[in-house]
Amino acid sequence: MFDSLKDKLQSVFSGLGRTGALSETDVNTALRDVRLALLDADVAVPVVKQFMELIREKAIGAAVLKSVRPDQQVIKIVNDGLQEILGGDAEELKVDVTPPAVILMTGLQGSGKTTTAGKLAQFLKIKRKKRVMLASLDMTRPAARDQLRILSEQAEVGILPEDDKQTPLQLAKRAIKSAELQGYDVLILDTAGRQSIDDGLMEELVAIKSVSNPVETLLVADALTGQDAVNTATAFKSKIGISGIILTRLDGDARGGAALSMRQITGCPIKFAGVGEKLDALEAFDPARMASRILDMGDVVALVEKAAEAIEQEEAMRMAQRMAKGKFDLNDFLSQLRQLKKMGGVGSLLGMLPGIGKINKQLAAAGVDDSMINRQEAIILSMTKKERASVGLLNASRRKRIAFGSGTSVQEVNRLVKQYQDMARMMKKMGTKAGAAGLKAMLGSGTNSPPGVFGGSGVDLDAMSKQFGSSKSGGLPNLGGMTNLGGLPPGINPNRKK
Amino acid sequence: MSWLKKLTEGLKKTSSSAKSKLSGIFIGKKIDADTMESLEEALISSDLGVSASQKIVKEFEKNYSGKTSDQEEILEALSKSISNILEPLEKELIVSDVHHPHIMMLVGVNGSGKTTTAGKLAKRFSQQGKKVILVAADTFRAAAIEQLRGWAEKTSVELISAERGADPAALIYQSIEKARIQKTDLILIDTAGRLQNRTELMEELAKIVRVIKKLEPEAPHDSLIVLDGTVGQNALSQLKAFLSVAAITGLIMTKLDGSARGGVLVALAEEFGLPIHLIGVGETAEDLQDFNAIAYSRALLGLTLED
Numbered sequence: 001m002f003d004s005l006k007d008k009l010q011s012v013f014s015g016l017g018r019t020g021a022l023s024e025t026d027v028n029t030a031l032r033d034v035r036l037a038l039l040d041a042d043v044a045v046p047v048v049k050q051f052m053e054l055i056r057e058k059a060i061g062a063a064v065l066k067s068v069r070p071d072q073q074v075i076k077i078v079n080d081g082l083q084e085i086l087g088g089d090a091e092e093l094k095v096d097v098t099p100p101a102v103i104l105m106t107g108l109q110g111s112g113k114t115t116t117a118g119k120l121a122q123f124l125k126i127k128r129k130k131r132v133m134l135a136s137l138d139m140t141r142p143a144a145r146d147q148l149r150i151l152s153e154q155a156e157v158g159i160l161p162e163d164d165k166q167t168p169l170q171l172a173k174r175a176i177k178s179a180e181l182q183g184y185d186v187l188i189l190d191t192a193g194r195q196s197i198d199d200g201l202m203e204e205l206v207a208i209k210s211v212s213n214p215v216e217t218l219l220v221a222d223a224l225t226g227q228d229a230v231n232t233a234t235a236f237k238s239k240i241g242i243s244g245i246i247l248t249r250l251d252g253d254a255r256g257g258a259a260l261s262m263r264q265i266t267g268c269p270i271k272f273a274g275v276g277e278k279l280d281a282l283e284a285f286d287p288a289r290m291a292s293r294i295l296d297m298g299d300v301v302a303l304v305e306k307a308a309e310a311i312e313q314e315e316a317m318r319m320a321q322r323m324a325k326g327k328f329d330l331n332d333f334l335s336q337l338r339q340l341k342k343m344g345g346v347g348s349l350l351g352m353l354p355g356i357g358k359i360n361k362q363l364a365a366a367g368v369d370d371s372m373i374n375r376q377e378a379i380i381l382s383m384t385k386k387e388r389a390s391v392g393l394l395n396a397s398r399r400k401r402i403a404f405g406s407g408t409s410v411q412e413v414n415r416l417v418k419q420y421q422d423m424a425r426m427m428k429k430m431g432t433k434a435g436a437a438g439l440k441a442m443l444g445s446g447t448n449s450p451p452g453v454f455g456g457s458g459v460d461l462d463a464m465s466k467q468f469g470s471s472k473s474g475g476l477p478n479l480g481g482m483t484n485l486g487g488l489p490p491g492i493n494p495n496r497k498k
Numbered sequence: 001m002s003w004l005k006k007l008t009e010g011l012k013k014t015s016s017s018a019k020s021k022l023s024g025i026f027i028g029k030k031i032d033a034d035t036m037e038s039l040e041e042a043l044i045s046s047d048l049g050v051s052a053s054q055k056i057v058k059e060f061e062k063n064y065s066g067k068t069s070d071q072e073e074i075l076e077a078l079s080k081s082i083s084n085i086l087e088p089l090e091k092e093l094i095v096s097d098v099h100h101p102h103i104m105m106l107v108g109v110n111g112s113g114k115t116t117t118a119g120k121l122a123k124r125f126s127q128q129g130k131k132v133i134l135v136a137a138d139t140f141r142a143a144a145i146e147q148l149r150g151w152a153e154k155t156s157v158e159l160i161s162a163e164r165g166a167d168p169a170a171l172i173y174q175s176i177e178k179a180r181i182q183k184t185d186l187i188l189i190d191t192a193g194r195l196q197n198r199t200e201l202m203e204e205l206a207k208i209v210r211v212i213k214k215l216e217p218e219a220p221h222d223s224l225i226v227l228d229g230t231v232g233q234n235a236l237s238q239l240k241a242f243l244s245v246a247a248i249t250g251l252i253m254t255k256l257d258g259s260a261r262g263g264v265l266v267a268l269a270e271e272f273g274l275p276i277h278l279i280g281v282g283e284t285a286e287d288l289q290d291f292n293a294i295a296y297s298r299a300l301l302g303l304t305l306e307d
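Chains as they are written, first to last, in my numbering: chain E, 1 to 498; chain U, 1 to 307.
Worth flagging that the hints you see were computed from the coordinates, not collected in a lab.
Any given hint might turn out to be false.
Stated by the list, open to error - Pulled a few chain E residues facing chain U out of the computed Cβ check, cut under 10 Å:
id	residue
1	39
2	228
3	249
To be verified - From the structure, some residues in chain E lie toward chain U, with a derived Cβ separation under 10 Å:
id	residue
4	25
5	141
6	193
7	223
8	252
9	276
10	277
11	287
12	288
13	292
Unchecked claim - Okay, the calculated beta carbon distance ranges per label pair:
id	chain 1	residue 1	chain 2	residue 2	range
14	E	299	U	131	37 to 45 Å
15	U	96	E	54	38 to 46 Å
16	U	215	E	281	54 to 62 Å
17	E	99	U	96	36 to 44 Å
18	E	167	U	214	44 to 52 Å
Just so you know, even glycine gets a beta-carbon here, dropped at the ideal spot from N, CA and C.
Please model the complete structure; the sequences and the hints are all you need to start from.
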């Protein structure tokens, strides 16, 4: 039914034709349908409510990108929010302890504990180079022990010999002793599936946990689970205490809202995803993929991302244009620094010219980091307007004043001026050389590397040249009109003005 | 203990039964849009899904909007509209005397409880005096055969199996031939669990069905999907896919002794209208019980049978 969600939202917002900040009405209208989408994906009702509040707070007042409708922007925010929650503090299994590191597998019947125990054994053996022993404490399900034994043979790991007369607790103790004596690094205890409301069996699990003192207590949960995810997660968290979740059957076509419910309620990271029946079908959990799966509005999210990219491109073009004309003063420099900060760090400035990862790496290597940006910003802010427009004014006493005003040193001021001058010189050179033929011709030639941008740190602009040279339209990007921003989905007008 | 008692016992244990969710919503208030939303959420919390919940609430709104009503009355009304949907689908699972043998096949996704259900059904029908053959056609999952053997031994029914990795269709073919010779009443086929979007596995199931039809054009006489009580809205996708490959004739839902209420049955009823035969409310064979629409609808909302 939610195939039509996008259309519905579009009809709600069509005709609004404005951009700016998201209003409360924008957000509420869009979230009404997001709520239904999440419920339809089996996210538990209380979790949906909680999440909606979180997003509402985040979204109201957030900027709407040019050429994106408010509802689309909200969906992007929802998607990012989902991703953030699903992803939080994931870490590796803590198996590097004094052996044997015990991993306790818990969950409802049929959630996939035993199969997952086998997969985990193989994973730890191959990826973490551990000697692994499996032990079944399942005395309830007929043949559970046979199943684990067969899996241990397939994975070629150790298995605790069976004993019909022992209780799960006794088995756990024997397993630990046996793993110790045989020098296993990791012991995986597979337990019987149990209903979370079965107090007797839950207590048994508590007892097993306390004798085995596991480094990881994992809740194995089925991605097909509906609203009951809340009950299961709550019970296993409060009664047993878990350290992580493994979500099984993610190779199915369920939207998998249980992932969000479980993550939110337990506060525990989802460590792995089961994606098939074979022993190697265990993957690291991917929050981004899960988010888009739950929301199922990947096309809208992609659209917003594309629009954001287009704006970055536009910005980059504008800069390039100024550069080409040789008009690049300290105000421009400052605005770039600020943009850089807003975008969340270094990397982003040159990242605006897509495909320049190499330069970013070089910047990082040269020690250009965010604190440096802050200091540079302070330096420029300590200058007068005139100084910013005309660097030539900066004599020794002015520099001293600026250093004092910005809490930096004269050396740092000098360095900034030098950087700026190098940059301006380079740009002027680029401008004259390119002449009327336009930026592309110049950049496309890509001959000698210009002097370093940031204090001669040897930044290579060849990559930038290539980017422009290989502009996908095959021709010169129309710097005047900016009409051609290839790759935008139909219906999006890149020229729409605020 | 009756299944309903078990069911309501189970529901009582969880703090999130629909009833406790609803309490307080109605007391002394006129029924308005807020009430409707709470009502809708309570139903969604029981896995009825958005569209079935909305439909039920809409119908309720017609009769109750603007009125003041007490909670019991409202729950009664809701359970009535749910049982109205489910009642026509209440259908006992029987082994007919017409077919020799009657062929019953269990399908579903992994971990839904097919093997356990097959064991319980074997016991049920052999106690009814039927001659039963269990076929362990799940040749994939480690120890599935051993699990079914355990049930076969307990209930003294014959088990036909092959080694792990063998072709299930071939095994079933042999079983039917054997059953004809032995004059068996019922062949109960446990198939491997498969996620419905795995084309190669669904193709394997299609082949099983083709092979059965080669010997018995009208078989399988019962093609039963086994659903896990905790399943969410994916059950719709499951049923749709298995219906097209294995011509599902009825539903069995397991694991309703936990905190899950399996409300997706209502959504499935609305969408597909297939018979619901049995629900599983515990570990023993007796805990696999005939589906009773009224009792289930009441239990779903936390009502007991007496009131």
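We went through each hint and held it up to the structure:
no.	hint	result
1	39	holds, 5 Å
2	228	holds, 4 Å
3	249	holds, 6 Å
4	25	violated, 18 Å
5	141	holds, 7 Å
6	193	holds, 9 Å
7	223	holds, 8 Å
8	252	holds, 4 Å
9	276	holds, 8 Å
10	277	holds, 7 Å
11	287	violated, 20 Å
12	288	violated, 21 Å
13	292	violated, 17 Å
14	E:299 <-> U:131: 37 to 45 Å	violated, 57 Å
15	U:96 <-> E:54: 38 to 46 Å	violated, 56 Å
16	U:215 <-> E:281: 54 to 62 Å	violated, 35 Å
17	E:99 <-> U:96: 36 to 44 Å	violated, 60 Å
18	E:167 <-> U:214: 44 to 52 Å	holds, 49 Å
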